[in-house]
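Dock the two chains into a complex; use the hints.
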Amino acid sequence: MSLLDGVAAAFMLAGAGFCLAGTVGVLRFPDVYCRLHALTKVDNLGLGLVVVGLALQSGSWATALKLLLVWLFVLVASAFTCQLIARAALRRGTPAWSGRRES
Amino acid sequence: MHELRTGLALFLLLNILAGMVRVVRGPTLTDRFIVAQLFGTTGVGVLVLLAANEGGAPLRDVALIFALLAPVTVVAFVRFAVGRDSEDARARGEEPRG
Numbered sequence: 001m002s003l004l005d006g007v008a009a010a011f012m013l014a015g016a017g018f019c020l021a022g023t024v025g026v027l028r029f030p031d032v033y034c035r036l037h038a039l040t041k042v043d044n045l046g047l048g049l050v051v052v053g054l055a056l057q058s059g060s061w062a063t064a065l066k067l068l069l070v071w072l073f074v075l076v077a078s079a080f081t082c083q084l085i086a087r088a089a090l091r092r093g094t095p096a097w098s099g100r101r102e103s
Numbered sequence: 104m105h106e107l108r109t110g111l112a113l114f115l116l117l118n119i120l121a122g123m124v125r126v127v128r129g130p131t132l133t134d135r136f137i138v139a140q141l142f143g144t145t146g147v148g149v150l151v152l153l154a155a156n157e158g159g160a161p162l163r164d165v166a167l168i169f170a171l172l173a174p175v176t177v178v179a180f181v182r183f184a185v186g187r188d189s190e191d192a193r194a195r196g197e198e199p200r201g
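For the protein sequence lines, the chains are X and Z, in the order given. With our numbering applied, the first sequence corresponds to residues 1 to 103, in that order. With our numbering applied, the second sequence corresponds to residues 104 to 201, in that order.
Derived from the structure by calculation, the hints contain no laboratory data. All values reported here derive from a predicted model rather than from experimental measurement. Mixed in with the good hints there might be a few duds.
[Claimed, not checked] If the Cβ cut is set under 8 Å, some of the chain X residues that face chain Z in the computed set are:
(1) Val7
(2) Phe18
(3) Arg35
(4) Asp43
(5) Leu45
(6) Gly46
(7) Val51
(8) Leu56
(9) Ala64
(10) Leu68
(11) Phe73
(12) Thr81
(13) Ile85
Ideal placement from N, C-alpha and C gives every residue a C-beta, glycine not left out.
Pulled out of the complex, with its shape left as it was, chain Z reads as follows (with noise of 0.2 Å):
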């Protein structure tokens, strides 16, 4: 079960490398970021493959960590990507879309 599970973590580790084709093609920056969403899944499915491993029981905690922190970093781009736009939308008089 250990060689599978290092196996399964290593398959997901190629992922994340096949992922980053598309932050190089974009072709927009919404494009380019959805792979840091791809990345922290991922990533999060990487370290409990690797915490069941003996002594990585640590490692769990730290995916635990990483589940909850990967939403802040969509919420900084959504503020830095919309914000901008929207607030200059709005003092123009236009409704903001969506």
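In isolation and in its complexed conformation, chain X is listed as follows (with noise of 0.2 Å):
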């Protein structure tokens, strides 16, 4: 295994953690508000890194600049999603968490 693939391996094992916290963020959080958070970082962050290691390995720059593409459309969507999701969760009614712990 060369140096390169070390690097994309853990590149790659860093984004499934990303998205590992992401799942367990949005199965744990106390309300919707605090779940989005979670969930933004699986888009940004999860496959971001999944993407980095994956271009790095590709061995083509046509595959490589795609594979990014499919993350920048990602992370502009997520950007939008996120905040029409918390303002029709707002605009619903849904309460925002208090800090107490759920009953």
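Structure, rendered in structure tokens:
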């Protein structure tokens, strides 16, 4: 296994770690707004690190650029949709977490 | 490397399965919906991982389409969940919040 492969594997494993953190956050955080926060980490860092790892081993510029394009689309979409969903929840009157533990 | 990528793709699929718990437990409509966004992003991750395997190159284009179409579902949800509510509020002469 070459050095490049090792670095790529490290990036991909870190990305998978962020995906796990996001899933745990969606399951464990107390309200919609906190869960959205956890979710956007998966979009930005989870997918981002996986894409960087794959781009390093892809071996061609065209493939690497296409992967980065996928990530870019997800980044832009995540920035807009997170705000849209949070505002939708607010308008529906979803209460924010008060700081006390769920009973 | 092939094993690592396939293993990671499986791991991401397990994440999707774990997300189903939130769909079942809710409690609000928005809680159930944000898991759909988790599915979208994680699904794109699975596709790009599998695309690096032999003969999987077309999956990269599928991932690109997925990434492009995912926001459409969110806009549809927001129209569904909020559109009517805020139109009702405006009809009653209230300023919509947010």
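We went through each hint and held it up to the structure:
no. : hint  : result
1   : Val7  : violated, 12 Å
2   : Phe18 : violated, 10 Å
3   : Arg35 : holds, 6 Å
4   : Asp43 : holds, 5 Å
5   : Leu45 : violated, 11 Å
6   : Gly46 : holds, 7 Å
7   : Val51 : holds, 6 Å
8   : Leu56 : violated, 11 Å
9   : Ala64 : violated, 11 Å
10  : Leu68 : violated, 11 Å
11  : Phe73 : holds, 4 Å
12  : Thr81 : holds, 4 Å
13  : Ile85 : holds, 6 Å
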